[in-house]
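Novice: Line order of the protein sequences matches chains U and C. Counting from 1, one number per residue, gives the positions in the first sequence under our numbering. Counting from 1, one number per residue, gives the positions in the second sequence under our numbering.
Treat the hints loosely; a few may be bogus.
[What the hints assert, rightly or not] To spell it out: a stretch of chain U is covered by chain C in this simulated footprint if at least three of its residues, at any positions, have a beta carbon under 8 Å from a beta carbon of chain C; those stretches are:
(1) 7 to 20
(2) 42 to 56
(3) 128 to 135
[Stated by the list, open to error] Here are some of the chain C residues that sit facing chain U, going by a computed Cβ distance under 10 Å:
(4) S3
(5) E30
(6) Y41
(7) A44
(8) C66
(9) L70
(10) E71
(11) A78
(12) E84
(13) G103
(14) F118
(15) K124
In case anyone wonders, no lab produced these hints; they're calculated from the structure. No residue lacks a Cβ here, since even glycine has one placed at the ideal position from N, Cα and C.
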Amino acid sequence: MKYEKSFLWTAAIAYLITLLILPLNLRNNNEKILLETIQENIDAIYLNKIESNIVFELYSFLIENSKLKIINSNKFNIQDLISFLYLKLKYFKETMENYYRNKGVELNIYFFDLSISEYSQNLLYNPILLNSKNLLKMNDIEGTLNIFLKVIISLNKGNIFLNRNLNLTILCPCRIFLLNRIILETIKSINQQITLLTQYNITDYNEIIKEFEIIIYNTKERIRNKYESRQIKIDISTKNEVNFIDGVYEIKFFLSINTYDMCEIASILLNGKRLYPVIAEEYAWLILLNGSIIEIH
Amino acid sequence: MISILDALAAFFITLIFLSFIYPLYYNSSELSFLIKSKHAYEIANRVLALSYSLGYIEELKEKLVCNESLEGILNKIASICPKEYECEIFIKNFNDEIISKVGSIKKNFAIEQEIILFTNFEEKYLLIVRVAF
Numbered sequence: 001m002k003y004e005k006s007f008l009w010t011a012a013i014a015y016l017i018t019l020l021i022l023p024l025n026l027r028n029n030n031e032k033i034l035l036e037t038i039q040e041n042i043d044a045i046y047l048n049k050i051e052s053n054i055v056f057e058l059y060s061f062l063i064e065n066s067k068l069k070i071i072n073s074n075k076f077n078i079q080d081l082i083s084f085l086y087l088k089l090k091y092f093k094e095t096m097e098n099y100y101r102n103k104g105v106e107l108n109i110y111f112f113d114l115s116i117s118e119y120s121q122n123l124l125y126n127p128i129l130l131n132s133k134n135l136l137k138m139n140d141i142e143g144t145l146n147i148f149l150k151v152i153i154s155l156n157k158g159n160i161f162l163n164r165n166l167n168l169t170i171l172c173p174c175r176i177f178l179l180n181r182i183i184l185e186t187i188k189s190i191n192q193q194i195t196l197l198t199q200y201n202i203t204d205y206n207e208i209i210k211e212f213e214i215i216i217y218n219t220k221e222r223i224r225n226k227y228e229s230r231q232i233k234i235d236i237s238t239k240n241e242v243n244f245i246d247g248v249y250e251i252k253f254f255l256s257i258n259t260y261d262m263c264e265i266a267s268i269l270l271n272g273k274r275l276y277p278v279i280a281e282e283y284a285w286l287i288l289l290n291g292s293i294i295e296i297h
Numbered sequence: 001m002i003s004i005l006d007a008l009a010a011f012f013i014t015l016i017f018l019s020f021i022y023p024l025y026y027n028s029s030e031l032s033f034l035i036k037s038k039h040a041y042e043i044a045n046r047v048l049a050l051s052y053s054l055g056y057i058e059e060l061k062e063k064l065v066c067n068e069s070l071e072g073i074l075n076k077i078a079s080i081c082p083k084e085y086e087c088e089i090f091i092k093n094f095n096d097e098i099i100s101k102v103g104s105i106k107k108n109f110a111i112e113q114e115i116i117l118f119t120n121f122e123e124k125y126l127l128i129v130r131v132a133f
């Protein structure tokens, strides 16, 4: 009788407990799923952070390195600039991939189709990226450099994967196309005026040198007045050489033009010094004076 | 009258019951910890994303290049953090040395989000946002 009672008690309590535990156990399983989901959410937030870090830094990195290359080379050479940027992108990719791999993230960045063109009104820019480099304030963007780049970012942490295929259109605040046009305009103008010298009746080479200096001075002033308000600086320096060979005066004129984009936004800070993008060009004329006959080469 | 056998049965049943309840309790505390840390991660992310889009990161890089004081710009970044959260913002170089830091955290738990900054072409830094919960 005694044992029968304890058996009944045990059975009754076991039954009650089972009734209680079953829903609790179910809740426990649900919480496990919830824990996994939240952990995955945290991983997704982390991957999003990495993605924005890559995009914003890449944007800034390409702009700054383009400016650096233009400032260092002084030349308008798009192909050189593209090769330089590809080299820099390799460094960027390795730094980012290695850093985040050490943090337990599988990161792969691929770059394609880097190209450079001049700014045009048809191009669409991301205002958030523009503002990150204070470029929304830029009002004079004629002749500005544009960089196009296709980027694939592949990220993986735990069960979370993130793949992005981006077409970046980057406005580099450096008016090198305008600087180059100013150089061409200046040389064309000087060339036209020098050509007119053949129509004059000049017999003294000193007179030709004087005329040349006047042409340079007038052109320099005209171009300077035209572009000064647009924060463009023009430096022109000349040199001449005279030789007398077989009764003919050979006058060589050497011209060196530097055009600078003096906008602060176009400059870079290097070792505490502010440097501005510059395009430089050299040109030479050979004038032969034989009596009163002038030949220009 | 309760027999020894009844008492023993009740004791073992209680043990079984507790063994089920304990992981449940443990999970609940882990769950609340994770929910709070997820929220802190979101806040840190927002601080970093807004710092980029408002141009603060650009300003910070300029100051790093010019060796100027970083406190002002780090305070600007810290001001993005909601007032009800404790935030720390600091800059480290890649040798793990702290260059500048603003804010302080008194709570026991905090999460950390960092970004790599490329300045002066070959130099790299880490901007770290720590949010307590």
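Novice: For each hint, tell me whether it holds in the structure or not.
Specialist: So, going through the hints one by one against the coordinates:
Check on the stretch 7 to 20 of chain U: 6 of its residues sit with their Cβ under 8 Å from a Cβ of chain C, so the three-residue criterion for coverage holds. For a cut-off of 8 Å, the count of residues in the stretch 42 to 56 of chain U with a CB near a CB of chain C stands at 8, and the three-residue condition holds. Coverage of the stretch 128 to 135 of chain U by chain C holds in this model, with 5 residues showing a Cβ closer than 8 Å to a Cβ of that chain against a need of three. Taking 10 Å as the C-beta contact cut-off toward chain U, the hint placing S3(C) at the interface holds, the least distance being around 5 Å.
For E30(C), the interface hint holds, the least distance from its beta-carbon to any beta-carbon of chain U being 6 Å, beneath 10 Å. The beta carbon of Y41(C) is positioned within 10 Å of a beta carbon in chain U (closest approach about 5 Å), and the interface hint is therefore held. Restraint check, A44(C) versus chain U: the minimum CB separation of about 8 Å is within 10 Å; hint holds. Below 10 Å, beta-carbon pairs count as interface contacts, and C66(C) has one with chain U at about 6 Å; its hint therefore holds.
Interface restraint check for L70(C): the shortest CB-CB distance to chain U comes to about 15 Å, outside 10 Å, so the restraint is violated. Interface restraint check for E71(C): the shortest CB-CB distance to chain U comes to about 20 Å, outside 10 Å, so the restraint is violated. Interface restraint check for A78(C): the shortest CB-CB distance to chain U comes to about 18 Å, outside 10 Å, so the restraint is violated. The interface hint given for E84(C) is violated, since its Cβ lies 19 Å from the closest Cβ of chain U, which is over the 10 Å cut-off.
Because the smallest distance between the Cβ of G103(C) and any Cβ of chain U comes to about 19 Å, over 10 Å, the interface hint for this residue is violated. Taken as an interface hint, F118(C) checks out: its beta carbon lies about 5 Å from the nearest beta carbon of chain U, inside 10 Å. Interface hint status for K124(C): upheld, as the beta-carbon distance to the closest one in chain U is roughly 6 Å, under 10 Å.
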